[in-house]
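J.: Given the coordinates of chain A, assemble chains B, C and D onto it according to the supplied hints.
Chains A, B, C and D, in that order, give the protein sequences. For the first sequence, full-length UniProt numbering assigns the number 1 to the initial residue and increments by one for each residue that follows. For the second sequence, full-length UniProt numbering assigns the number 1 to the initial residue and increments by one for each residue that follows. For the third sequence, full-length UniProt numbering assigns the number 1 to the initial residue and increments by one for each residue that follows. For the fourth sequence, full-length UniProt numbering assigns the number 1 to the initial residue and increments by one for each residue that follows.
By construction, these hints were calculated from the structure, which means they are not laboratory data. Some hints could be false.
One copy or any two copies: either way a pair holds, since identical chains are not told apart in the list.
To be verified - The calculated lysine-lysine pairs, modelled on DSSO-like cross-linking and capped at a C-alpha distance of 30 Å, are:
1) 21 to 356
2) 375 to 136
3) 188 to 209
4) 406 to 132
5) 270 to 209
6) 160 to 406
7) 356 to 136
8) 413 to 132
9) 21 to 39
10) 406 to 375
11) 238 to 136
12) 375 to 5
Here are the chains, one letter per residue:
Protein chains: 4
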Amino acid sequence: MILGKEQIEDSNQENLSRHKKNHEFISDQINNAEEVIKKLIDFQVAIPSWALGTGGTRFGRFPGGGEPRSLEEKIEDIGLLHALNGSSGAISLHIPWDIPEDSDVIKNLAAQHGLRFDAMNSNTFQDQPDQKLSYKFGSMQHVDKAVRKQAVDHNIEVIKYGKELGSKSLTVWLSDGSTFPGQLNFRKAFLNTLESLREVYAALPPDWKMFVEYKAYEPNFYSTTVGDWGQSLLYTSKLGPQAYTLVDLGHHLPNANIEQIVALLLMEGKLAGFHFNDSKYGDDDLTVGSIKPYQLFLIFNELVEGMDARNMNHANDLAWMIDASHNVKDPLEDLLQSVEAIMIAYAQSLILERKKLVEAQNNNDVVTAQEILQKAFRTDVRAIVAEARLRAGGALNPLSVFRNEKVRENLIKERGSKTTATGL
Amino acid sequence: MILGKEQIEDSNQENLSRHKKNHEFISDQINNAEEVIKKLIDFQVAIPSWALGTGGTRFGRFPGGGEPRSLEEKIEDIGLLHALNGSSGAISLHIPWDIPEDSDVIKNLAAQHGLRFDAMNSNTFQDQPDQKLSYKFGSMQHVDKAVRKQAVDHNIEVIKYGKELGSKSLTVWLSDGSTFPGQLNFRKAFLNTLESLREVYAALPPDWKMFVEYKAYEPNFYSTTVGDWGQSLLYTSKLGPQAYTLVDLGHHLPNANIEQIVALLLMEGKLAGFHFNDSKYGDDDLTVGSIKPYQLFLIFNELVEGMDARNMNHANDLAWMIDASHNVKDPLEDLLQSVEAIMIAYAQSLILERKKLVEAQNNNDVVTAQEILQKAFRTDVRAIVAEARLRAGGALNPLSVFRNEKVRENLIKERGSKTTATGL
Amino acid sequence: MILGKEQIEDSNQENLSRHKKNHEFISDQINNAEEVIKKLIDFQVAIPSWALGTGGTRFGRFPGGGEPRSLEEKIEDIGLLHALNGSSGAISLHIPWDIPEDSDVIKNLAAQHGLRFDAMNSNTFQDQPDQKLSYKFGSMQHVDKAVRKQAVDHNIEVIKYGKELGSKSLTVWLSDGSTFPGQLNFRKAFLNTLESLREVYAALPPDWKMFVEYKAYEPNFYSTTVGDWGQSLLYTSKLGPQAYTLVDLGHHLPNANIEQIVALLLMEGKLAGFHFNDSKYGDDDLTVGSIKPYQLFLIFNELVEGMDARNMNHANDLAWMIDASHNVKDPLEDLLQSVEAIMIAYAQSLILERKKLVEAQNNNDVVTAQEILQKAFRTDVRAIVAEARLRAGGALNPLSVFRNEKVRENLIKERGSKTTATGL
Amino acid sequence: MILGKEQIEDSNQENLSRHKKNHEFISDQINNAEEVIKKLIDFQVAIPSWALGTGGTRFGRFPGGGEPRSLEEKIEDIGLLHALNGSSGAISLHIPWDIPEDSDVIKNLAAQHGLRFDAMNSNTFQDQPDQKLSYKFGSMQHVDKAVRKQAVDHNIEVIKYGKELGSKSLTVWLSDGSTFPGQLNFRKAFLNTLESLREVYAALPPDWKMFVEYKAYEPNFYSTTVGDWGQSLLYTSKLGPQAYTLVDLGHHLPNANIEQIVALLLMEGKLAGFHFNDSKYGDDDLTVGSIKPYQLFLIFNELVEGMDARNMNHANDLAWMIDASHNVKDPLEDLLQSVEAIMIAYAQSLILERKKLVEAQNNNDVVTAQEILQKAFRTDVRAIVAEARLRAGGALNPLSVFRNEKVRENLIKERGSKTTATGL
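For reference, chain A alone in the conformation it holds in the complex (with noise of 0.2 Å):
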């Protein structure tokens, strides 16, 4: 299914004149609405392929209908979504789940819909119907040589892939870990994740970076090989200038300061991007922005503050990702929440007033650094990210359009209602 310029348009014209209103408000008190309309709309947040199908828990899964069954059909879910937001033009692709047939026929499509290829994903936290060897006992720490050496392989081989469709990015997350205390050797276990990083990053083209990922725990209870910011600090710094550390929200342990660990990875040139979510218990991958969303402001707030102190370039320089699981919602509609959330919060850190805010700091005056960071926060900026919607060609209300247009029901017609997306 393709939604027609048209029904954006027409939905869009209903909602215009109140939009402009709005839109005049929050314009007249700020003063650089411009210039955050601008960076709005050059901002673009990827998709994962693997999160356009309903996700699960190990109690089970409660799948929903129309999902995508094929590549081309998940560029196609991606490609409604961009359609509609104007902000989702990246799609993340997961390897072996997502192996193209034919890279350029894949290209095209994706080009069709005004997608790039972001990071490609590699997995060796799961046994393939085929593989040789098993993950069981871990992938790039195993004991055994051999292991690691088909998780190195593994790994080269999702480069390959992502040369062909135009990537520049591999994405390294590794359930590694151990389960229960003496299972294995902390020391040799990272040692030997390093030297099968080495040899990953040997094989990296010139003009790629890789993403080592952390995450404190789960699927391994007891302890995990790249479990912090701390370690992935370690081993990127290790590997070398090519080699970045990812975040994502949800992989910390509870109550973590994730914005101080943002600006001192910014700091340290090291940091990769983020996998946006949002969580309440552990790594729960809800819609971005559903349970903290001042949390997600305070972590924007450093990306800008950090990335302008290096000049970096918001919209290229990092790399945006949503990484969540729709386990009750339609993940189309749980995908549109999630970038809407990401440009709130990511204009409100650009309206806010940054200069009084180091004046506050330089003062001690955490009162006032406190109403500075409140008063954006406070902002009703909703009118902004739908001016940039509408001016990229986006919908002004894309959730109203996706369910007006009937998007599921079409998508279920032409897929069947008992599809089952790739993915967790």
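T.: Just chains B, C and D now, kept in the frame of chain A:
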């Protein structure tokens, strides 16, 4: 496969002289060795039918081989455990996974292995292939009365199977809850759940108990409708004298003082019993005693104190069960380790100098109170536990026998290497 | 120091035209602006007498200056807050820190500032210089009946002072608990505490309420004898209809779903009210809304829903109080920020489209339910809150007036720069 | 008060025959009893000068009596501990609380008790009466260069005192951080702190080490500028080879895997040593081993493995110190319990069958790996620790001697019942 008495006895002979020495030493150190051994022999831990196969996470599952393919084979597995340790003389079934075709046959089979049927477990957290209505948005809490009725009827059916087998209790674990703020009305969800539980309660035979288990989170990641002991106690108090609160060690928020909860539930006469396991992060479902053995001891300390204060029978008046998931270990070996850890903690709590502890508490002598607890915990009671096993006809070293007799290899031969047991 | 009406009015004049524009815009966006404003005007947040000075941690305290040296000066401080925001019209006293020499004088003074006396607070977590028996090992839980009696008598004395001043409730926060395993018998500690609370309850005037506050940990680091809402509810249920459970936002284990607790306590008719603050790690006692503003909104969402369902009066039927510690901010500025955050969250919960939410819940439309909550939260209601302040005679921008009028400088001049208020 | 050799020997005589039997039994169970005893005798745990008095929380302090009033009396107290357990042969001073009037006198006094001077501790988390600039908003991170300089100068002064006394290391624990979002710029705070640390580092004698301690939170409740091991490692890596990372067991987020951190710091050659204590919730500063003794054992397991892998000397190459707060126990009794818990965990890690563990790890035999760890932990090594104490001239049962000889009563007689030692 059935382990012959001789195999166990042969193994015991080899270890006997060493064991005797150890047993003598420890018997000399404590006053009540014989009494402790008797209590240990009486103490039986139920094995859940779903913990006999390899467990998994949402990220994958790495099955071993020789897993039971039927209820009969599950009984056989628990029979093996019970033959080895003499402390696993009960089985806890899960419906619909374990619906018996012929209850009498199953009862006889269990009796041959010396097993009785512990609490029956219902399942309204998954959709079964032939199920009319979905539990995607809850079961007993559901906004739709028809879904609630389906869940109630299922529980009543579970009671029916339990009656046929001689079980005397029903465990209700509900995953009901919500994944996002606003998804449900907490009060209405509670009242719907209470109404549903009441209908099940009304169907309870007069000599049955109903266990209402609580859990803080997972698979719902925002709220759970029976979320903590306080909520469970609210339900069970409103339901009536046959309703009790079940504690699973992994179902709490970080740092919860579980032993205090146990003491208070005992005080209220509302403790049902336990699902034993261990965890570092969440409901990790690890081997009992593998992460926080001292906490396990402290819990048993409260159990012994509180049960004695109410003149309860340790072995019969509460329900003792393991509920763990075996992702990287052989399930049967894991269960042997879990039962051992439980028996050790129970033994340590039995040798604790309780009168001295009361005296120290009455004097606010915190140092001495700690000394008394640590003395019991630091005492090596393994020989006492082994002696109890020996007298019950079990093995001095169950794990060694399991490995030396190549139990798993035999099971694989009998059942194949690609079996997958039902369960999580 | 007293802020003159003119000073506030002058400041309001300067900001009025801007405010009018903002107020008009928001009034146009929501249906019930006038109704919301009325409710906001009625809503009063009590200020605790001990939160007017600089707080500290066990590591130290960095006092500011001009802190109140007497009960009279504390009333003066709250009078300043109330003059500025029109929403701080109540004071909560702490005995023995605030024993009035002449109750009538104090009552008159409070009345001059438009203040009433909210809940009285007892203190059995510290030893006073002239105290006979120590609370080192608890107060109402103590193994020694004489200590328990001392604690009971103190609470009865607090009621006496409260009656003289016109208060109608007693808040009992007990730090009772234990710091090490074995230190106390949980059951006996509970029963002793219940017995003590019953004696205080018996001394309660018929039109009074007793609030039993719970706390997970600190200053005891192993167990707390009123440790969570479940325990508090057990006490208050056993005590009788005048006993209620008090919620302090910082008194929970990590990740607790406080809004669900609030809903259930309201359902049971046992919610006393709140101690508002915010926190990232433990009982950090930070400015309300400074860390998790969305959680605050979700709590108010439950309050409004649950109180309306029971036809309760928002302003009068629960006790609203701030309980924070101001370590790095001016205490009065901090309190202004806290009250503002409360009013914003309350306003957002009042504009929420509740009928639509019920409909979405009944349809299990999780996406729409989230949209409705987020719409309310993302709406900029500051102009509505300001309008309520304006109509109540307060300042459009309380913080600006506080700074422009050099309130703190004046207080330092009057009271000196080395004063230290009683409190934590 | 000084404990005479005879008093200890008399007590030992009474317990000797029982001890001999126990020692014989355990020596028979393990292969390396003599080697373990030698290592235990060499192992000395430093006692911090500030842990000799009653600790407190922000809610209050309940002092005992007989607390040391001077540096001399602190040395006397540690002398008592060392006489009793033979394992407390070092003292760690805190400046400005412990500024020696005459270093030679103090050195001689310590030598008489067999004590050496461990790491010196600076204090920039409190304001001293005569201090020019305040640390309210941090010290080494401060936006004002003059404050940073004051903090640097203080640390350099601490080094000076340490040199006079024969100490060889400086521990820098900074409470620097922020309490509210926006209060500080994380990057600038880091860089200021690094600059300050560099200035102190430059003043370090060539044979000294600098320990940079990290802490997740408290007394700052939003961010800490040396907040986790990753941050500390960043600092110490940038500082140079004399800088190391210090681990305090209570300074982590919930559920952190501290033993893995230890292993990685050892791998990097950057582990300074330990501040031992225990905790259930936060930095509770409880008696070592009182809450999570298995975690303590797992940490020692990594220490022994990692130090042996680098051919390090257990006793000398890392700094071992207790850092606890004694709120409800006699401080000296508490310290005796803490040292005992450390020695037990160390002994258990020394008897662990390490070759078998490596073999199990190489076979991914998780069950056996757990068996090996638990075997060591479940072994009752108290008689070995006691034997080490006996040979070192200490008491078989230090606590009994302490009580029987009425040490505290004597100290109260000498020093009075109203003394309060400096400290937290």
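J.: It remains to establish, for every hint, whether it holds in the given structure.
T.: Hint-by-hint comparison with the structure:
For a Cα distance limit of 30 Å, the shortest separation of residue 21 from residue 356 qualifies both inside one copy, at 29 Å, and across copies, at 24 Å. Proximity of residue 375 and residue 136 under a CA criterion of 30 Å is satisfied inter-copy only: 26 Å between copies versus 50 Å inside one chain copy. For a Cα distance limit of 30 Å, the shortest separation of residue 188 from residue 209 qualifies both inside one copy, at 26 Å, and across copies, at 27 Å. Taking the shortest alpha-carbon separations for residue 406 and residue 132, only the inter-copy value of 25 Å comes in at or below 30 Å, while the best intra-copy value is 45 Å.
In this homomeric assembly, residue 270 and residue 209 come within 30 Å of each other (Cα to Cα) both inside a single copy, at 11 Å, and across copies, at 29 Å. Proximity of residue 160 to residue 406 under the C-alpha cut-off of 30 Å is found in neither arrangement, the shortest distances being 38 Å within a copy and 45 Å between copies. In the homo-oligomer, the alpha carbons of residue 356 and residue 136 lie at most 30 Å apart only across protomers (21 Å), although the nearest pairing inside one protomer, at 53 Å, exceeds that limit. In this assembly of identical chains, the alpha carbons of residue 413 and residue 132 lie at most 30 Å apart only when taken from different copies (22 Å versus 39 Å within one copy).
Taking the closest pair of Cα atoms, residue 21 and residue 39 come within 30 Å of each other both inside a single copy (22 Å) and across two copies (28 Å). For the homomeric pair residue 406 and residue 375, the shortest alpha-carbon distance between copies (23 Å) is at most 30 Å, but the shortest distance inside one copy (38 Å) is not. Proximity of residue 238 to residue 136 under the C-alpha cut-off of 30 Å is restricted to the intra-copy arrangement: shortest distance 27 Å within a copy versus 38 Å between copies. In this assembly of identical chains, the alpha carbons of residue 375 and residue 5 lie at most 30 Å apart only when taken from different copies (27 Å versus 36 Å within one copy).
Of the numbered hints listed earlier, the single one contradicted by the structure is hint 6.
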